[in-house]
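Q: Protein chains in written order, with our numbering: chain X, 41 to 376; chain D, 1294 to 1447; chain E, 8 to 273.
Be aware that a few hints might be false.
[To be verified] With a Cα cut of at most 27 Å, we get these calculated BS3-like pairs of lysine-lysine: (1) E:50 - X:266; (2) D:1433 - X:298; (3) D:1433 - X:81; (4) X:298 - D:1332; (5) E:68 - E:101; (6) X:255 - X:145; (7) D:1349 - X:298; (8) X:216 - X:158; (9) X:298 - D:1303; (10) E:255 - E:73; (11) E:67 - X:266.
[Unchecked claim] Examples of chain E residues lying across from chain D (beta carbon under 7 Å, computed): (12) 149; (13) 198; (14) 241; (15) 267.
[Said to hold, decoys possible] Every beta carbon over 10 Å from chain X, so not counted as near; a handful from chain E, in silico: (16) 16; (17) 52; (18) 92; (19) 97; (20) 107; (21) 121; (22) 124; (23) 144; (24) 148; (25) 153; (26) 206; (27) 240; (28) 255; (29) 264; (30) 265.
If you're looking for bench data, these hints aren't it; they were derived computationally from the structure.
Note that CB positions come from ideal geometry on N, CA and C, so glycine has one too.
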Amino acid sequence: METKYISQSGIEQWFDAIVTSGKRVFAPVNSRGQVDFKPVKKLSEVADEYIQTTQSIKASVYPKAEVLFSYEKVNGKVNLTDFDPESVPETVLWKVHPCDAAGFKPLSAIFNWDTTDKLHNAHLAKTSVISFSCSAADESCFCTSVNGSPGNTAGSDIQLTMLPDGGAIVEILSPKGEALVALSPSVFVADKGEKKEKYLVDLPVRFNLEEVNAKLNKAFNSTVWKEQSERCLGCGACAFVCPTCACFDIQEDAHGSKGRRIRCWDACGFALFTLHTSGHNPREHQSQRWRQRILHKFFYMPERLSVVGCTGCGRCSRACPVDMNILEHITSIAKQ
Amino acid sequence: MSSNTDFEPKIIAFVCNWCTYAGADLTGTSRLKYATNVKIVRFPCTGRIDFLLLLKSFAQGADGVIVSGCHPNDCHYTSGNFHARRRWIAFRSVLDLMGVDIRRIQYSWVSAAEGSKWADLVNNTVADIRALGPYAEYQKVADYLEKEGYNEEA
Amino acid sequence: MKKLRERAAELLSQGVVSLVLGYEEGTKRPRPLFCRNSVNAEKLIFDSRCIHNLAVYITKKELVGKERFAVTAPISTLRSIMQLFVENQLNEEKLLVLTVDLNGELREFTTFDEIAAYVAQFELKRGEREQELLSKIEGMTREERWKFWMEEMSHCFKCYACRSACPLCYCSKCVVEVNRPQWINPWPAPLANMEWHINRAMHMVGRCTACGACGDACPIGIPIDLITRKMMEDMAPEFGYIPGQPAKQGNALSTWKLDDREQFIR
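Here chain X stands alone, though its shape is the one from the complex:
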């Protein structure tokens, strides 16, 4: 790992160099009154002055809907076209928040816990992450409570910390990061010895993760789930904006002698998610589905995959139509 300095004009040059290299660049763009990741060609398109994008960057490595394979029957013979990892273009994610970058680890842990997921891994291999440390947060942010921080470099290939002069401290964190720097090496100059911590937002720790974990260990039959989930509408908004939610559905798109198999997002909050063909539903009530969501992120994943399934980005709380505030709910569990 190496630390450098880049000036404001250097950032512009470097960004242009990345675009010119032919890589797809996704960055937060302000459109339709929302800030979300979109393909961009110019630095001027990138949004400023926002706390968080509505959706996480997850879709870059786990698309909303993706074709696993397609088939066609021609003259009695079936031609199968498998997913081609080479079809995934080189992608750079620009201005990712540390909480999003940290989401890649839990996401990959799920996709590779028994068999390795070819699609997800292909996307991940082709993706470079340039994160920006956070100088601002809102009341929904709580990364510091889930092993993160506004300057957390986990999951990033490069992290920029913006300085008042428009330049930035550049932390080059991986070979992928080095390759990006190599696209425009002259704009990276010697580190000026500025302390990154000075420019990070101060975000107090709101709950103790071990304490929550210990409480959850005994909470399966608690009444807390029903109490907390009464107003939950059972939509999938929280899951779909989450950087680590990985529930998916497999669907057939069949048309006569040809078709394709599609993997698309699903959510454990949907009643249909666990409904059996027999009609039996092991998670019949919303309270059970809410319990699953919390336990999966804060108990099952730490236990089985050694990683917390929440990065504290706060998107679920912001997206929820009925203010199911995860921070508030976890804090109240910790206090019980």
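For this one, chain X is given, so just place chains D and E on it according to the hints.
A: Below, chains D and E without anything else, positioned relative to chain X:
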């Protein structure tokens, strides 16, 4: 002639079993010639024709759609076509709001005795759709998935 | 507000109702509160910020239980409750409706007719946001409307918050869950999303009371409430109903008239 002379419109007709299907049959037995662009799908009643079928036709490559059944008061099930008519009014309004080209859906009443009306209906609809051209706008987005990638523009 | 809290506490402590569905302060704005005892009644609030449509909960038996319950309802919620009555989804004996009128007085309703008489004083008008967006859409050519909605639909990821937030989407099995045959593609893609929203609009014809809960719930800000609202406005003269005044005359699409407009039929 227009530039669409080479374009042969694909038209799907959703018709009721009791009137329009019998009417179309009469067209044939009366040896009336009409455009071959139409593929007929027979339903028990116009009341049974789900509005989404019309959209599915466009998604699968149809350039125009005909929906036809018994004249008012002639429904085999008494009121199926009255219910259908209400649904069409609403459906046209939704589609227009969403920007779907409602000129491509032709509604009609064709009775079992109106073999020549059926031939005229098909011929006129084919001419109308020929003038409008292929419904590429709709078909383009029907198979959008691969291109979608990550919120990518088409 | 004080009167509402007192009355709610009274209703609960006297056992008149087992639950008061109301609002409490939330993180950014008021949120639904399931108030089951008189102590919690202190949390109840009711003001112009309380826009969430609580009627969405009152058809869920597992939440409201078998006992009589009360619901606090601003005008938009009252309209939904009326429509639910029209559709025979509610029982007058089980429901007590509380609202605070323009003079700050607490009002209580137990029957459809009482609610209807009260709601009749309020004309359903477009708000500033709806007016602005709808006149923009109305000013577009057909091609522009198609582009506008396809762009909007390309953002939809099918979380179905619109469906979940709608008090009238109470079907135990939704049309999008029909998979034999696969009717509406369950994966998010612009056309599949469009099909879903057209379906939603068709199922809401003559039923939607324009409470705006669907648009409000959409996490990615698609103005989907405008689709059903516009349908409500446009179909009212066609089918002879007053927008926002559900009447027990049968839903628009479950009935018909001999002289329904048919100039578009050849």
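Q: It remains to establish, for every hint, whether it holds in the given structure.
A: Hints and how they fare:
1. E:50 - X:266: holds (19 Å)
2. D:1433 - X:298: Holds, at about 19 Å.
3. D:1433 - X:81: holds (25 Å)
4. X:298 - D:1332: holds (21 Å)
5. E:68 - E:101: Judged against 27 Å, a Cα distance of about 12 Å means the pair holds.
6. X:255 - X:145: Given that 27 Å is the threshold and the Cα spacing comes to 24 Å, the pair holds.
7. D:1349 - X:298: Given pair residue 1349 of chain D, residue 298 of chain X holds - Cα atoms ~17 Å apart, limit 27 Å.
8. X:216 - X:158: holds (20 Å)
9. X:298 - D:1303: Holds - the C-alpha atoms of residue 1303 of chain D and residue 298 of chain X are around 21 Å apart, at most 27 Å.
10. E:255 - E:73: holds (25 Å)
11. E:67 - X:266: At roughly 14 Å apart (the allowed maximum being 27 Å), residue 266 of chain X and residue 67 of chain E satisfy the hint.
12. 149: holds (5 Å)
13. 198: With a minimum Cβ separation of about 5 Å from chain D (threshold 7 Å), the hint on residue 198 of chain E holds.
14. 241: holds (5 Å)
15. 267: This interface hint holds because 5 Å falls under the 7 Å limit.
16. 16: For residue 16 of chain E, whose nearest Cβ neighbour in chain X is about 19 Å away, the distance exceeds 10 Å, so it holds.
17. 52: holds (13 Å)
18. 92: Holds: least Cβ distance 22 Å, greater than 10 Å.
19. 97: Nearest chain X Cβ is 19 Å from residue 97 of chain E, so the label holds.
20. 107: holds (21 Å)
21. 121: holds (27 Å)
22. 124: Non-interface label on residue 124 of chain E holds, nearest chain X Cβ at 30 Å vs cutoff 10 Å.
23. 144: holds (14 Å)
24. 148: It holds; residue 148 of chain E is separated from chain X by about 20 Å at its closest Cβ, greater than 10 Å.
25. 153: It holds; residue 153 of chain E is separated from chain X by about 17 Å at its closest Cβ, greater than 10 Å.
26. 206: holds (17 Å)
27. 240: For residue 240 of chain E, whose nearest Cβ neighbour in chain X is about 24 Å away, the distance exceeds 10 Å, so it holds.
28. 255: holds (28 Å)
29. 264: Consistent with the label, residue 264 of chain E stays out of reach of chain X, its closest Cβ about 37 Å off (over 10 Å).
30. 265: holds (41 Å)
Consistency with the previously given hints is maintained throughout, with no hint failing.
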